[in-house]
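Asker: The residues making up each chain are set out below.
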Amino acid sequence: MSKSIDQVFVNAKHWLLSWLASSPGWLIQVASILINIFMLLAVFLTLFALISVLERKILARMQNRYGPNRVGPFGLFQPIADGIKMLIKEDIVPARADKLVHFVSPVLLAAVAILTLGVIPYGRNMTPFAIDGGILFFFAVGSATELAVFMAGWASNNKFSMLGAMRAIAQMFSYELPLIITVLPVVMVVGSLMPDRIVAAQAEYTFGVVPRWFVFTPWGFTAFILFFVSGLVESNRTPFDVPEGESEIVAGHMTEYSGFKYATFFMAEYLGMFAVSGLAVTLFLGGWHAPARVFEIVPSYVWFFMKLSVLLFVYIWLRATLPRTRVDQMMNVAWKFILPMAFACVIAAAVWHYAGRGLRGWLWSLFVIAIVYTVLSIVLDTRRKFAPRVYRFAE
Amino acid sequence: MSSAAFVIIAIFTLAAALAAGTLRSLMHAALCFALTLVGLAAFFFLLGAEFVGLALVFIYIGAVAVLIVFTILLTQRDVGKDRGFNWAGVLIAFAVFCGLTWSILTTQSISIVAPHIRALTVKRIGDVLMASYVWPLQCVGVLLTAALIGALILVMEEKR
Chain S
3 MSKSIDQVFV NAKHWLLSWL ASSPGWLIQV ASILINIFML LAVFLTLFAL ISVLERKILA
63 RMQNRYGPNR VGPFGLFQPI ADGIKMLIKE DIVPARADKL VHFVSPVLLA AVAILTLGVI
123 PYGRNMTPFA IDGGILFFFA VGSATELAVF MAGWASNNKF SMLGAMRAIA QMFSYELPLI
183 ITVLPVVMVV GSLMPDRIVA AQAEYTFGVV PRWFVFTPWG FTAFILFFVS GLVESNRTPF
243 DVPEGESEIV AGHMTEYSGF KYATFFMAEY LGMFAVSGLA VTLFLGGWHA PARVFEIVPS
303 YVWFFMKLSV LLFVYIWLRA TLPRTRVDQM MNVAWKFILP MAFACVIAAA VWHYAGRGLR
363 GWLWSLFVIA IVYTVLSIVL DTRRKFAPRV YRFAE
Chain W
4 MSSAAFVIIA IFTLAAALAA GTLRSLMHAA LCFALTLVGL AAFFFLLGAE FVGLALVFIY
64 IGAVAVLIVF TILLTQRDVG KDRGFNWAGV LIAFAVFCGL TWSILTTQSI SIVAPHIRAL
124 TVKRIGDVLM ASYVWPLQCV GVLLTAALIG ALILVMEEKR
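Going line by line, the protein sequences match chains S and W.
Residue numbers 3 to 397, in my numbering, belong to the letters of the first sequence in order.
Residue numbers 4 to 163, in my numbering, belong to the letters of the second sequence in order.
Next comes chain S alone, as it looks inside the complex:
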């Protein structure tokens, strides 16, 4: 019974495809791909609508106010109202803007975010595109984001847009490196770039209770924290939303966008957030596996989306809690702290592997991480060289 509930979506797809059983092979292939794409879009656009209202609700709760509560029960229809508002707004394109590039940029951003969502395993046998180098695909496609942001800034033909795009690109480039290097230990330990294999490698339970997720190893835990912070920066979320600090500067590369194009940027940001959180769940939190063997009755996709929503809640929580960081502080942290720690994770994972993946490996890798952390915190101690900030190019 629980198995059929677990596979209900897979079976539904097979049932749909059985209607085409007599048609040529390529048609079935195309239909299968289209069903996957349709499901992906349906699920994540619904989740986007849901999270946009939930975020405002949670932020409001944390700031001791009500939040949206006028449209529908508990303000749940707010996304529909927002969507209609965005759709009927005037679409303003600057007269001297590059019309085509100005249009393509938000579309490219959203497309990239949706493509990266495609390689994540959402449940048992539920990976939309299961390719051999899935993790590489995620980052390869994701790297087009920078080009899209640049296009937005350049095509607007506005100094502020261009400067905002530069800031965004500088930030994304510096954090892409730690993001990829924190993935490396997992890929090394599993020996595969395929997300399904990475999930399968975390399937077992110690004593049937403690799951063997990578987050429970010292290197995995460190890498998870670093990955989460880098993902926070990549998706331009508070406290790292420097590219468009809503309350301080103009909206960065989105300055000259309005109406539905602006909404598309917004959507791309959220989809990117889902993709990074989904990858974090896959890599470190055991993907769709249940936290203990007895809970395997609950379908796998439920577990995946529960873990995803926990991470999304942390995103919102951080947004309500933390102030925005300064650009130079953010860059310093990336290059001086996160990058060396990420390399330490790689070494610790290797130590863990060669010390037998048991308790001994666990302690040795903890030792490596602790040493690197201590050395870094002594070297980077800012209290000793506290001085007024120097502006190199603005004097």
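The hints are simulated quantities; they were obtained by calculation from the structure and are not laboratory data.
The beta carbon of each residue, even a glycine, is placed where N, CA and C say it ideally should be.
Be aware that one or more of the hints could be misleading.
Residues on chain W that point at chain S, a partial pick, calculated with CB under 10 Å [unchecked claim]:
#1 I12
#2 A37
#3 V41
#4 E53
#5 F54
#6 G56
#7 V60
#8 F61
#9 A66
#10 A68
#11 F100
#12 G129
To give an idea of the interface, some chain W residues facing chain S are shown, with a C-beta separation under 7 Å as derived from the structure [said to hold, decoys possible]:
#13 A13
#14 L57
#15 V69
#16 V72
#17 T74
#18 V125
Got chain S; can you put chain W on it based on the hints?
Answerer: Chain W alone, transformed into the frame defined by chain S:
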């Protein structure tokens, strides 16, 4: 199906390449160049060489295209000024084309029937890189590290 995909990708790639070569605006040309690279990556996917295709997208679109675009932005002075048709460039391009065509046509291997394509998995690439080509790999690693350190020294603050 794969030949139909080949034709579609070929048309797409050639159109993008042509646009990259002929468009007036340098920035549009650079963006079309990125599109050409997407087409090339699609060819690698079609041949079952996923890793190479993904590496192409990763390095060329994620890094090189952005680098080109920034270079154009930071160096361009006479924006919109028509520089005329560059005949020397055409000649050089034609010479390169002739040379490439001649060398492709005269190689022996083109007459050999291609063996059945084995999917080039990441694992096989890793095995080859870490076994037969471990020295070149290490040398490239050292070179890239040196380049990284050089870049860091270039942007380092001067001591006062």
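Asker: A separate judgement is required for each hint: does it hold in the structure or not?
Answerer: Comparing the hints with the structure gives:
1. The closest approach between the C-beta of I12/W and any C-beta of chain S is roughly 16 Å, which is over the 10 Å cut-off, so the hint fails.
2. Taking 10 Å as the C-beta contact cut-off toward chain S, the hint placing A37/W at the interface holds, the least distance being around 6 Å.
3. Nearest Cβ of chain S to the Cβ of V41/W: about 9 Å, under the 10 Å cut. The hint holds.
4. Against a cut-off of 10 Å between C-beta atoms, the interface hint on E53/W holds, since the closest Cβ of chain S lies about 5 Å away.
5. Checking F54/W against chain S: minimum C-beta separation of about 5 Å stays under 10 Å; hint holds.
6. The interface hint given for G56/W is met, as the beta carbon of that residue sits about 8 Å from the closest beta carbon of chain S, less than 10 Å.
7. Satisfaction of the interface hint for V60/W is found here, the shortest Cβ-Cβ separation to chain S being roughly 4 Å, below the 10 Å cut-off.
8. With 10 Å as the threshold, the beta carbon of F61/W comes within range of chain S, its nearest partner Cβ sitting at about 4 Å, so the hint holds.
9. Hint status for A66/W: holds, given a least beta-carbon distance of 7 Å to chain S, under 10 Å.
10. Taken as an interface hint, A68/W checks out: its beta carbon lies about 6 Å from the nearest beta carbon of chain S, inside 10 Å.
11. A least Cβ separation of about 28 Å between F100/W and chain S goes past the 10 Å threshold, and the interface hint is therefore violated.
12. Using the Cβ-Cβ criterion of 10 Å, the hint placing G129/W at the interface with chain S is satisfied: the shortest such distance is roughly 9 Å.
13. Interface hint status for A13/W: violated, as the beta-carbon distance to the closest one in chain S is roughly 19 Å, over 7 Å.
14. This hint holds: L57/W has a C-beta 4 Å from the nearest C-beta of chain S, less than the 7 Å allowed.
15. Satisfaction of the interface hint for V69/W is found here, the shortest Cβ-Cβ separation to chain S being roughly 5 Å, below the 7 Å cut-off.
16. Residue-level restraint check for V72/W holds (minimum Cβ-Cβ distance to chain S is 6 Å; threshold 7 Å).
17. Annotation: interface hint on T74/W violated; nearest CB of chain S at approximately 12 Å, more than 7 Å.
18. The beta carbon of V125/W is positioned within 7 Å of a beta carbon in chain S (closest approach about 5 Å), and the interface hint is therefore held.
Checked against the numbered hints listed earlier, the structure breaks hints 1, 11, 13, 17; every other hint is satisfied.
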